[in-house]
Amino acid sequence: MTDDTTRPPISLSTAARVMMGFTWRADRRLSTTILVLKLVGASIGALFALWIGLLTEAIVHRRPTEAAVLVAGVVISVVVNSMLTFGADRLTQTLSERAHHLVERRLLELVGGTPTLEIQETPEHLTQLERLQDASWEFGEVVPTLINIAQTGIQLVVTLVLLATLDPWLVLLPLFGIPIIVFGPKASQVWYTAQQFAAEPMRRMGVFLDLSTLVGPAKEIRLFRLRDVVRRRFAEAAEESRSIQTRFARKGEMIRVSTRIFFVLGYLGAIVIVTRQVVDGQAPLGHLLTAAVLGGQVLNLIAGSSMLAVWATEVLIAASRFVYLDQLGRRIRAAAAYSADVPARLATGIRIDNLTFGYFGRDRPTLLGLDVLLPAGKTVAIVGDNGAGKSTLIKLLSGMYVPTEGHILIDGTDLARLDPDVWRARVSAGFQDHARFEFIAAETVGIGDLARLDEPEAVADAVHRAAANDVLDALPAGLQTQLGPTWDHGVDLSGGQWQKLAIARAMMRRTPLLLLLDEPTAAIDAESEHRLFESWTEAARDLREQSGAITLLVSHRFSTVRMADLIMVLDGGRITEVGSHDELMRAGGQYAEMFAIQARAYQP
Amino acid sequence: MLPIAVAHADNGDLRVSPQPTSLDPHASGRRDARRTAFRLLFRAFPRRTSLLLLLAVLAGLMPSVFAALVGVLIHLAPDAAGRGFGSPAGHQLILTLVAIGLVLVLQEIVSGAESLMSIDMYRRFDGYLFGRLIELTTRWDDLDLFDDPEKAAQVDRARRIADYGPGEFVSGMQTKYASRAGGIASAILLATVVPWYYILAIVLPLTIIWVALSYALQASHYRADPFWANPLRRANYLQRIGLLPEWAKEVRIFGLVGWITDRYSTEWRRVIETLQESRRADRGMLLAWTAGLLLANAAALALLVRSAWIGAMSVAALAVAVQAFLGLAALASQNGDVWIENGAAAMPELVKYQALIDSRASAPARRTDVSGPLPRDSLSFDGVGFTYPGRASALFESFDLRIEAGTSLAIVGLNGAGKTTLAKLLTGLCRPDHGRIAVDGVDLADLDMHVWRRSVAAIFQDFTRYELSARDNIAFGAVDSLGQRGLDDRLVSAGRDAGARDVLERLPHGLDTVLSRRFPGGVDLSGGQWQRIALARALMATANGARVLVLDEPTAHLDVRAEVDLFDRFLELTHGLTTVLISHRFSTVRRADRIVVLEHGRVIEDGSHDELVAHNGRYAAMFRLQAERYRRAGDVDD
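Heads up: the sequence lines are chains D and E, in that order. Residues in the first sequence are numbered consecutively from 1, following this note's numbering. Residues in the second sequence are numbered consecutively from 605, following this note's numbering.
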């Protein structure tokens, strides 16, 4: 029914079942109430045509009791149906919100709870996640949509029965609705196709809107005099998106209007038939009225149901993306067999054993046959050009990627056999592309060790060890300051300040077995980086030697790198050199060359 | 309450947002928003809006016309009964049937045209409003708009119109007008068929009661509306943390899923509870209205049936009246309200934003005519004072610096010394509070900013990553050359100079490749690759006539070899240009003709590398300290 190429391989009935499960779990009583209200309202509403016809008859034939009852019938049909609809819509909103919350919560648990980055870094999975983000409000709509379908069904049945009582031939009236049923979804589908075609220009509109109204690009937009080009390109993108959508809409409306006119002809025929019977004296006058009102109902019901069918498909496709990710997350979890315990301390270290790793969809592996021992209690530095695979290795060591070949052995135990959550409780990390957690400062740092999140001394200590006191001093409410400018009383930080807080976060865990520092100080000057690294290596030496903890550092600054106990040079996914600074300098290879290049700048 | 944004802080200083102001979440604010939205829509598209509303009203009227014709049918049928279609009454019957057919067909055509037009107007209105936002923002030609916390907050609020799909307002208006027109048509229809004395007794009260219900429902919707509610924003933020790649690594390392999820649920539950509470409060109200409506309708219908019974009203008229009863319910319809609300919500902010931008535009412009590339002689800061808006202390009090045309100057200093601000002052992105910045002796304030910026190129530390084609990314340095012949060759050449040759060659669709995975066939670049592209952009500008080149930490993302490669060619790349190089790495600035050390908004040392080393001051100390780290144990051989 849809041409959407990103549709996951999940059947819509499975998606419907899963979503109904969520709704049912959200609130059973509410679900049932809504269903009953809607069905009762639909039946009552559909009977209006009958009451009005009979009322006419009762008056013409002077039957007062019947007339009184029918007055009540009409009033109930009009008022109660309206109010039930209002009421049921309200309840449906509540139910949608609850179901929506449950589904999103589950989504968070399953995506965030997947130990590897497989979902977020595999393009085909990420597409599903991004599409879901765009359409997450549809989660709450699955059940209301299904209820509406049931409601429409009931109305249609009631209406058909009534038509049949007028004249058996009138049952054929819905046949004129066949083109609506057949082509209607196509007409609505045209709309979704237009959305897909217009997605690219719409995204482009967003790009130009952001470029011209956000602070980040503001300097260049003005300096490079891009004002006119940005305005023009935006207008072009807007016009492109509009003309695509209008063109498709025109096509859709043509189909819709012509199929409805076809039905209208049948409808007119029905009125003519009943008029004729009345004129011939074969039918009472009331039939004419009932037929006229019923015909209109049938038209709306048929058109409505064809819209609903398309809508239901869209909503269920969103749901099927969720089910897809859910199953994926379960599979990844199930594939792992965590049978070993994380050691309390490292005795020998971490052995990287013939490790090969390739990213999904790339022909060449990023890391190829790595073999090295990261000795317990030592600091190890990795150097190499951009794209040499340094960050990939960091992610493998923290269990966020699974090796394509080879093993990572923690004191001889394969990392694959350790529960990633337990292993990571003994790992800490600071990244160059650190995340900005816009919480209050105490939380932004404290989440580095959730167990001690509520201990102000622990947080203050981490800030101190990250040499980030100056950041704290500048905050108006200290650790209680809300970070992030879009929040109430929120404060914005510079890139360097955010980075210092990220380092403080990495310092929260006191006894990690592995501390990963992936260029965490790139935005900080060389002098500060040097001092920071000095304090990590010196101050924590005792602690490190006790627990055998390893510090792994990635840096482009050789003045820092040289302090490490062991240095690895990565080049094109392979380890080309390993050794201490002195050894590598003596060897006169790549390391010595790169060191010399940087050192040369400081020669007098 | 609407959270307020603050301008992006730089140089390690902080700016706190002002007290949050609230966008009135209640009815009066909403009404103003609706009116503002309608005014904007009507002014932007007077003819289209009128036509759309006309179609909506027509579509709303049709069911009443149909009901009236059915009434005629019922009226005529008994006369024709037994006499056949050939009788005069039969003829009239046939005419009525034809009219019914026409009305039904017309109804379909009108509603088709209406919905088509509404879709079109939706997009037009979106495009118009965002275009206006872009136009207003880019009219402001320096950074004060973002540096001043108050102004930045206004920008942020105006920007939010994009979050709420303002085009929805069009769909909402159209839906609302159609149901209102339908309800009013039903009231009129009812008034025409009942005996005159019932107009006051039945038609008016019924109409009023449905309209009143409509307002009551709307009011409760306002109460329930979570629109600007902070918990929902916080929940959405937490959800993004849990799901998006940006946070994925740290969420895993620190085991944050459970914590994030719990917080997410707490925020959401707060939203759900608030909403439910307001709906629960309505439950009694809904029941009361239902009872009232039942009674009123029952009484009214009983009166009409009595009229028909005693012959004061025909059965046909009764038939029409009963259908009109049904049609009146449309007056209370809430269809379209949510769209109107969503669409209109942020529009008053756009109007306020316009006022803010207009307040600046009225300043008279002084212009000194200059021709040819600038500068020929010098650039100078003469007693420049500058304080960031909203900050207590001045960054520069009286800053003096003269830069000879055609030379290179390096500015070094620790974070927060004001290096980047100097670059922003020089490029006219910030304006001095007092003193002046002069080009060949002419005050920058007297120059046409457009002309001056043609002479200046810059790569800033936080350069822009345009999610556009590689061609645009580089050619934006020389915007006047866009579309010129032979542009691509010049782009490739600028790319080569910037060390981006490999990056460009590896692009799957050459210069047409969009540098963002979000676009079909697009690719993501690494930080180092982006930096080379940004440098190519600046070099494209110098190749197109810019005589001043500002380099603000241009190699922060490059690896060792790439950085050295770039600085080895520094003299060649900047030949003939007036160059200002900003860096906190001492190793990279020594090739400059002259180096100044900036501290606390003042130049504390000034001279060539050799002079400063000989001077044995701050520069020499810092340089020696860094050099020391490479020289220990004599492991560098020449």
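Treat the hints as calculated values from the structure; they're not laboratory data. Quantities reported herein were computed from a predicted structural model and do not represent experimental measurements. Where a beta carbon is used, it is the ideal one built from N, C-alpha and C, also for glycine. Watch out, some of these pointers could steer you wrong.
Stated by the list, open to error - For lysine-lysine, the following DSSO-like pairs were computed, each having C-alpha atoms within a straight-line distance of at most 30 angstroms:
{"no.": "1", "chain 1": "E", "residue 1": "Lys956", "chain 2": "D", "residue 2": "Lys186"}
{"no.": "2", "chain 1": "E", "residue 1": "Lys956", "chain 2": "E", "residue 2": "Lys780"}
{"no.": "3", "chain 1": "E", "residue 1": "Lys956", "chain 2": "E", "residue 2": "Lys755"}
{"no.": "4", "chain 1": "D", "residue 1": "Lys378", "chain 2": "D", "residue 2": "Lys390"}
{"no.": "5", "chain 1": "E", "residue 1": "Lys780", "chain 2": "D", "residue 2": "Lys251"}
{"no.": "6", "chain 1": "D", "residue 1": "Lys251", "chain 2": "D", "residue 2": "Lys186"}
As the list claims (entries may be wrong) - Computed footprint of chain E on chain D; a stretch qualifies when at least three of its residues, placed anywhere within it, have a C-beta under 8 angstroms from a C-beta of chain E:
{"no.": "7", "segment": "171-184"}
{"no.": "8", "segment": "231-242"}
{"no.": "9", "segment": "268-277"}
{"no.": "10", "segment": "344-357"}
{"no.": "11", "segment": "364-377"}
{"no.": "12", "segment": "404-414"}
{"no.": "13", "segment": "439-452"}
How the hints compare with the structure:
1. E:Lys956 to D:Lys186: 44 angstroms, violated
2. E:Lys956 to E:Lys780: 27 angstroms, holds
3. E:Lys956 to E:Lys755: Holds, at about 11 angstroms.
4. D:Lys378 to D:Lys390: Status holds; Cα separation ~18 angstroms.
5. E:Lys780 to D:Lys251: Holds: E:Lys780 and D:Lys251 sit about 25 angstroms apart, inside 30 angstroms.
6. D:Lys251 to D:Lys186: With a Cα-Cα distance of about 10 angstroms, the restraint between D:Lys251 and D:Lys186 holds, given a limit of 30 angstroms.
7. 171-184: violated (count 0)
8. 231-242: holds (count 7)
9. 268-277: Held - the segment 268-277 of chain D has 5 residues with a Cβ nearer than 8 angstroms to chain E, which meets the minimum of three.
10. 344-357: Not satisfied, violated; 0 residues make the cut.
11. 364-377: Violated, because only 0 residues of the segment 364-377 of chain D bring their Cβ atoms closer than 8 angstroms to Cβ atoms of chain E.
12. 404-414: violated (count 0)
13. 439-452: holds (count 4)
Of the hints listed earlier, those the structure fails to meet are numbers 1, 7, 10, 11 and 12, in rising order.
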